[in-house]
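Protein chains: 2
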Amino acid sequence: MQLNIKRIVILAEGCLAILHGKTAIGVLRYRGQDVVAVIDSTQAGKDIRTIVQTQYQVPIVSSLEEALKFQPDSLLIGFAPIGGFLPEEYRQTVLEAIHKGLDIVSGLHYLLNDDPEFAAAAKQAGIMIYDVRRPEPDNYVARGFAKNLKANTVLFIGSDCACGKMTAAFECHLEAKKRGYKSEFLATGQTGIMIANGGIPLDRVIGDFMAGEIEKILMKYPVDTQFVFIEGQGSILHPGYSGVTLALMHGSMPKTMILCHEAGRNEIDEYQGFPFPPFPEIIQMHEQLLKYVRPSKVVGIALNTKWISEAEALKEIDKFEKETGLPTTDPVRFGAAKLIDTLEKYL
Amino acid sequence: MQLNIKRIVILAEGCLAILHGKTAIGVLRYRGQDVVAVIDSTQAGKDIRTIVQTQYQVPIVSSLEEALKFQPDSLLIGFAPIGGFLPEEYRQTVLEAIHKGLDIVSGLHYLLNDDPEFAAAAKQAGIMIYDVRRPEPDNYVARGFAKNLKANTVLFIGSDCACGKMTAAFECHLEAKKRGYKSEFLATGQTGIMIANGGIPLDRVIGDFMAGEIEKILMKYPVDTQFVFIEGQGSILHPGYSGVTLALMHGSMPKTMILCHEAGRNEIDEYQGFPFPPFPEIIQMHEQLLKYVRPSKVVGIALNTKWISEAEALKEIDKFEKETGLPTTDPVRFGAAKLIDTLEKYL
Numbered sequence: 006m007q008l009n010i011k012r013i014v015i016l017a018e019g020c021l022a023i024l025h026g027k028t029a030i031g032v033l034r035y036r037g038q039d040v041v042a043v044i045d046s047t048q049a050g051k052d053i054r055t056i057v058q059t060q061y062q063v064p065i066v067s068s069l070e071e072a073l074k075f076q077p078d079s080l081l082i083g084f085a086p087i088g089g090f091l092p093e094e095y096r097q098t099v100l101e102a103i104h105k106g107l108d109i110v111s112g113l114h115y116l117l118n119d120d121p122e123f124a125a126a127a128k129q130a131g132i133m134i135y136d137v138r139r140p141e142p143d144n145y146v147a148r149g150f151a152k153n154l155k156a157n158t159v160l161f162i163g164s165d166c167a168c169g170k171m172t173a174a175f176e177c178h179l180e181a182k183k184r185g186y187k188s189e190f191l192a193t194g195q196t197g198i199m200i201a202n203g204g205i206p207l208d209r210v211i212g213d214f215m216a217g218e219i220e221k222i223l224m225k226y227p228v229d230t231q232f233v234f235i236e237g238q239g240s241i242l243h244p245g246y247s248g249v250t251l252a253l254m255h256g257s258m259p260k261t262m263i264l265c266h267e268a269g270r271n272e273i274d275e276y277q278g279f280p281f282p283p284f285p286e287i288i289q290m291h292e293q294l295l296k297y298v299r300p301s302k303v304v305g306i307a308l309n310t311k312w313i314s315e316a317e318a319l320k321e322i323d324k325f326e327k328e329t330g331l332p333t334t335d336p337v338r339f340g341a342a343k344l345i346d347t348l349e350k351y352l
Numbered sequence: 006m007q008l009n010i011k012r013i014v015i016l017a018e019g020c021l022a023i024l025h026g027k028t029a030i031g032v033l034r035y036r037g038q039d040v041v042a043v044i045d046s047t048q049a050g051k052d053i054r055t056i057v058q059t060q061y062q063v064p065i066v067s068s069l070e071e072a073l074k075f076q077p078d079s080l081l082i083g084f085a086p087i088g089g090f091l092p093e094e095y096r097q098t099v100l101e102a103i104h105k106g107l108d109i110v111s112g113l114h115y116l117l118n119d120d121p122e123f124a125a126a127a128k129q130a131g132i133m134i135y136d137v138r139r140p141e142p143d144n145y146v147a148r149g150f151a152k153n154l155k156a157n158t159v160l161f162i163g164s165d166c167a168c169g170k171m172t173a174a175f176e177c178h179l180e181a182k183k184r185g186y187k188s189e190f191l192a193t194g195q196t197g198i199m200i201a202n203g204g205i206p207l208d209r210v211i212g213d214f215m216a217g218e219i220e221k222i223l224m225k226y227p228v229d230t231q232f233v234f235i236e237g238q239g240s241i242l243h244p245g246y247s248g249v250t251l252a253l254m255h256g257s258m259p260k261t262m263i264l265c266h267e268a269g270r271n272e273i274d275e276y277q278g279f280p281f282p283p284f285p286e287i288i289q290m291h292e293q294l295l296k297y298v299r300p301s302k303v304v305g306i307a308l309n310t311k312w313i314s315e316a317e318a319l320k321e322i323d324k325f326e327k328e329t330g331l332p333t334t335d336p337v338r339f340g341a342a343k344l345i346d347t348l349e350k351y352l
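Protein chains in written order, with the working numbering: chain D, 6 to 352; chain P, 6 to 352.
Among the hints, a few may not be true.
Computed cross-link-like contacts, BS3-like style, restricted to lysine-lysine with a CA-CA straight-line distance of at most 25 Å [unchecked claim]:
id: 1; chain 1: P; residue 1: Lys296; chain 2: D; residue 2: Lys296
id: 2; chain 1: D; residue 1: Lys187; chain 2: D; residue 2: Lys128
id: 3; chain 1: P; residue 1: Lys187; chain 2: P; residue 2: Lys105
id: 4; chain 1: D; residue 1: Lys302; chain 2: P; residue 2: Lys11
id: 5; chain 1: D; residue 1: Lys302; chain 2: D; residue 2: Lys152
id: 6; chain 1: D; residue 1: Lys296; chain 2: P; residue 2: Lys302
id: 7; chain 1: P; residue 1: Lys327; chain 2: P; residue 2: Lys311
id: 8; chain 1: D; residue 1: Lys320; chain 2: D; residue 2: Lys296
id: 9; chain 1: P; residue 1: Lys11; chain 2: P; residue 2: Lys105
Hints are computed from structural coordinates only; laboratory data are not their basis.
Same shape as in the complex, but just chain D:
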């Protein structure tokens, strides 16, 4: 799927400063040069760089009407609610954007092209609705071929959803390219796809074919590829999404893994009563699940420290290094060099 958009307005009402704005935040950080405005009336007028870690100075406005002054060509839905429905209060905003001639980019499970009202409006206005979470249908079952890949295929696993797996993978990809490596970023979720202009919305794929979709993409990279940074999905500890995670582990059969975690989180977010195991046990569980498939090691930890101070972040990093013996850093805050230094050893 190729997204032909250049002047993006992101709809992030009420969620620019919270977790569910992760699509907005990811696009702002890694594709901010194409964003002309962000809609979030709760943050309007503020300097975006005080809210989101991005180098791009993008105006925050309180309505679509205001955003139109910046001559956008598209409206990108920047939140990711559980279940992936479009909240009813934003239906009108999306319809208005269509009437104004904007293309729509959505990563929701609820496919806007399948909604008769949106489909009719899109046809009338002559615009495109990009449902990036619509996978191409293909009943291919993984055969286990990815275990023979020469490249260092690095899978970003996590303690939970929304803890920074896509971000850590993309930061590592940027650092590897900076060092001159032939590197690929394999996007497996809607935000990654919006940034990379390609990939597979894995959590939308039919159960039996999830691993196969990953294997297919991996087998198509050039043989001289040195790194593939694979965006992780969910967590093997997550009561709702763990199936997607294990399919990704077995479809990719990674050479190495980086464990991603949000500092301070102790249990599955938005659920009750599902605490994390000790981190050495989390690591052992992942390694054991790959042991008889392709022996693979967790070789580093990407810690998301966005909610704590720099001093606290350094303390947390130190704590994780002592507990696990693995190089640990926050690749957004401190750069991905430490992780690439380690990953280079597995080329």
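With chain D held as given, fit chain P onto it using these hints.
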């Protein structure tokens, strides 16, 4: 999905005596009273009870034409190829059956209702095509509610696909009912659904919603249910299907587990280079994946000994009991009493 069929012909060409005929075999064994004939030209004329363990004396014929003499009302596709396509050589047989006024029952991933040629023929002939693998769409994500169920929810896990999980679960369900328990059988695959007239084709569900579909069904059983026997899917060791398996584990959060295995198999079937771990390790892996969700134990082993003699079977059972310390039996060959004796302790 309610299947309104009473006089079934099973299409099992070339596969009655092999693993890929598992749909045919399951229906013959547990719903044989509704089967009027089986098509398999390689076995035609033989006594079916010398090939399949069933109490029903069903004629084996070599063509649809012969089968029509038994006045069937439906043709059931009895094989389950990898990827779930309809092999091209059987397209004509299915079309002929439609023209003769037979309903079609298919558990293939390839949905016959979506095939223009079949759909048109069905309409013209006024017959039904039951695609039992078409799930009802519903974007529900599991919330982890199943961990609070009072019933003994028993999940049948396995070392591999097609090793007897559905069969073991159904045999246990029959034994529990015989003992007077309020028991449910939760079918999660096409054969189970064909036998039980309901359930969810889990491997066909979109990744994010697999666990949720299981949770939804479990939460609807009457509160005084004593046993739920949950048909397992795939294996956490399987390179292609493991995601479905873990989703089922987390969606059902079972109170207990029964490990299913085909005696003599040492690695993933039809794959190369994916050996099974030692059985104590397989057990520990499953228990660890549930440890922080709902502590659950593997409490027995269902050994599929169909390919070996009775003397060898008893030896294998003894070996597994010694290696794992768990009660082991082949529920088809020796009955499920031993397993229910154990499972009663967890009511």
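Hint by hint, here is what the structure shows:
no.: 1; hint: P:Lys296 to D:Lys296; verdict: holds, 20 Å
no.: 2; hint: D:Lys187 to D:Lys128; verdict: violated, 41 Å
no.: 3; hint: P:Lys187 to P:Lys105; verdict: violated, 42 Å
no.: 4; hint: D:Lys302 to P:Lys11; verdict: violated, 54 Å
no.: 5; hint: D:Lys302 to D:Lys152; verdict: holds, 13 Å
no.: 6; hint: D:Lys296 to P:Lys302; verdict: holds, 22 Å
no.: 7; hint: P:Lys327 to P:Lys311; verdict: holds, 21 Å
no.: 8; hint: D:Lys320 to D:Lys296; verdict: violated, 32 Å
no.: 9; hint: P:Lys11 to P:Lys105; verdict: holds, 16 Å
Checked against the numbered hints given earlier, this structure breaks hints 2, 3, 4, 8; the rest are met.
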